[in-house]
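J.: Chains A and B supply the protein sequences, listed in that same order.
Residue numbering for the first sequence is 43 to 463, as defined by this note's numbering.
Residue numbering for the second sequence is 68 to 224, as defined by this note's numbering.
Hints should not be assumed to be uniformly reliable.
[To be verified] Simulated restraints on C-beta separations:
#1 A:177 with B:111: 45 to 53 angstroms
#2 B:111 with A:222: 56 to 64 angstroms
#3 B:78 with A:104: 45 to 53 angstroms
[What the hints assert, rightly or not] Far from chain B, some chain A residues (derived; all Cβ distances over 10 angstroms):
#4 122
#5 184
#6 239
#7 390
#8 405
#9 423
[To be verified] Where chain B lies over chain A, by a calculated footprint (3+ residues, C-beta under 8 angstroms):
#10 243-256
#11 324-334
In short, the hints are calculated from the structure, not lab data.
The C-beta atom is built at its ideal place from N, Cα and C for all residues, glycine as well.
If you want the building blocks of each chain, they are given just below.
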Amino acid sequence: MHATNALTVPPRSARAWAPGVLTRVPYWLYQDADVFRAEQQRLFEGPVWNYLCLEAELERPGDYRSTFAGRMPVIVTRDADGEIYAFENRCAHRGALLSLEDGGNVRDFQCVYHAWTYDLKGNLKGVAFQEGIGGKGGMPKSFCMEEHGPRKLRTATVCGLVFGSLAEDVSSIEEYLGDAVLRRVERVLAKPVTVIGRFTQALPNNWKLYVENVKDSYHASLLHLFFTTFRLNRLTQRGGVIVSETGAHHVSWSALDPEVAGQEDGSYSEQGIRSESGDYRLADPGMLEGRDEFGDGITLQILSVFPGFVLQQIQNSIAVRQVLPKGIQSTDLNWTYLGFTDDTPEMRTLRLRQSNLVGPAGFVSMEDGAVGGFVQRGIASAGDEQAVVEMGGEGAETQDFRATETSVRGFWKAYRACMAL
Amino acid sequence: MIESSLHYRLAVLNADYARAIDDDRLEAWPEFFLDRCLYKVTTADNHHKGLEAGIIYAESKAMLKDRVSALRKANIYERQRYRHVVGLAAILAQEAGTVCTESPFLVARIMRDGHTDLFATGRYIDRVSVNAGDLKFIERLVVCDSARFDTLVALPL
């Protein structure tokens with residue numbers, strides 16, 4: 043027996059988001075396939091600068107790296123003219139990848155499928171059997187190689203970081219970052235870097251949840267006990283959050299205040315916060331030994347560039363992170379650990395020890411790999427509900443305290459502008 | 068035969084090491100190392116290119132103990148277990164009191180909801196002190212075949 047109309051499925055409510063609001067974030071933004079598709083088009087291929095790689099990875103002519111702009115596979119090269127070029131890692135013929143390696147040194151790129159050949163600028167230079175064989179077959183006389191090629195990116199470098207953009211009308215990288223953020227990039231990357239390790243962390247969540255986590259200075263000392271107990275980063279320390287004019291980029295920083303160091307102000311225990319643990323001491327504090335190498339007492343600086351780049355200084359642990367969407371609920375986080383080329387062996391050893399703080403197994407960062415997944419799973423049936431982002435106000439301005447979500451709101455300000463949402 | 072008895076002792080060392088982690092007796096894990104030691108988790112690619120950094124980098128037994136106490140008291144991670152399968156150790160070199168070996172491993176990760184993945188494969192590249200008594204690691208490089216780590220690496224490999 044069939045019940046004819048025992049069950050009526052209500053129509054899915056319209057995906058609504060009150061215009062201009064930054065304090066509420068609807069969960070469908072992390073779930074919907076059409077949002078995910080639109081992000082590639084409007085955002086990653088829109089008026090943004092995507093971090094591609096380091097100049098240190100492209101030292102000699104012919105050096106290249108395979109990377110991504112959002113989901114678009116990209117090849118970055120240094121040509122014989124010494125300049126850096128970037129183009130889509132896609133053959134103009136049938137769309138196959140042109141590079142199957144992470145990087146190397148080559149004279150040109152030849153597609154493995156039908157041997158079409160490209161120079162280091164991404165120009166099509168050769169079509170196999172273009173004239174056919176024995177006068178038969180081949181491409182039509184009208185075929186013009188200049189009219190075919192992978193899409194090219196504009197490139198820009200700042201402090202050894204290579205960025206790429208698909209947009210014609212994107213502002214210069216310096217203008218894009220703004221003075222305040224640019225100065226904080228220069229603060230860390232004032233001299234040539236060298237790669238000391240690469241790791242990829244596969245995150246079980248939408249890419250935006252990780253970017254928000256990076257910008258969220260409120261959670262740092264609450265989720266991460268290691269920071270709190272060892273006074274690497276407490277909200278009660280001297281510090282602040284810089285948000286760029288557009289909201290897009292941010293810098294969160296904290297510094298040891300010699301006058302306050304060693305004194306307990308009780309803020310954490312008064313709140314009954316889990317991350318306070320008085321009796322926790324390291325058996326080998328050598329891991330935390332650091333040097334004030336930038337001469338300003340800043341022990342932590344987390345800097346993000348919209349949409350998916352992070353420059354990190356935690357004591358002497360320097361790294362860049364590239365956030366890449368892989369699916370609606372999967373994200374690759376590429377870590378590149380850095381040293382400076384003039385590091386003494388002692389300095390390098392400090393960096394290697396302090397690398398324990400960061401990365402997929404980091405004492406102060408491992409939780410960040412999981413917490414996005416906790417949200418993604420928590421909101422499974424809550425597409426029409428909203429996150430609350432009200433800590434420290436409603437706007438996205440620079441603030442001299444860190445119990446705030448100002449830079450998270452900044453992200454949504456830039457996101458809404460880019461996505462026309 | 069001396070070699071076969073050394074192979075046997077290395078097999079016992081690896082079996083005990085794996086059981087300590089998989090049985091959640093993490094406090095026993097640092098005891099497989101000398102006081103001054105090196106334990107590093109890295110990738111085959113970094114190892115091959117001579118890139119020194121690891122996602123875990125400990126230079127003393129005390130640092131290993133700190134990792135255990137951080138896992139117990141500080142770090143947040145969803146309840147999970149590993150299952151190590153460690154292959155036979157190949158002996159690469161021997162010198163006074165020290166043997167250099169390499170052993171392949173597979174580690175499955177079992178999450179609290181039962182979800183089980185092949186979490187890591189790779190090789191242990193070890194320098195083992197074979198002086199009187201138990202064998203101890205002078206150095207254990209955990210060289211993972213893949214550079215991709217799912218979600219986080221909490222428990223030691």
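J.: None of the hints should be skipped; say for each whether it holds.
T.: For each hint, the structure was consulted:
Checking the proposed 45 to 53 angstroms range against residue 177 (chain A) and residue 111 (chain B) shows it holds: the Cβ atoms sit about 50 angstroms from each other. Separated by about 41 angstroms at the C-beta atoms, residue 111 (chain B) and residue 222 (chain A) break the suggested range of 56 to 64 angstroms. A hinted range of 45 to 53 angstroms holds for the C-beta pair residue 78 (chain B) and residue 104 (chain A), which are about 48 angstroms apart. No beta-carbon of chain B is positioned within 10 angstroms of the beta-carbon of residue 122 (chain A); the least distance is around 25 angstroms.
Against the 10 angstroms criterion, residue 184 (chain A) stays outside the reach of chain B, whose nearest CB is about 46 angstroms from its own CB. A Cβ of chain B approaches the Cβ of residue 239 (chain A) within 10 angstroms, the least distance being about 3 angstroms, so the stated non-interface status is violated. The Cβ of residue 390 (chain A) sits about 7 angstroms from the closest Cβ of chain B, inside the 10 angstroms cut-off, so the non-interface label is violated. With a closest Cβ-Cβ approach of about 5 angstroms to chain B, residue 405 (chain A) is found to fall inside the 10 angstroms limit, against its non-interface label.
Listed as a non-interface residue, residue 423 (chain A) keeps its Cβ farther than 10 angstroms from every Cβ of chain B; the least gap is roughly 17 angstroms. Remark: the segment 243-256 of chain A is confirmed as covered by chain B, as 4 of its residues place a Cβ nearer than 8 angstroms to a Cβ of that chain, reaching the required three. Remark: the segment 324-334 of chain A is confirmed as covered by chain B, as 5 of its residues place a Cβ nearer than 8 angstroms to a Cβ of that chain, reaching the required three.
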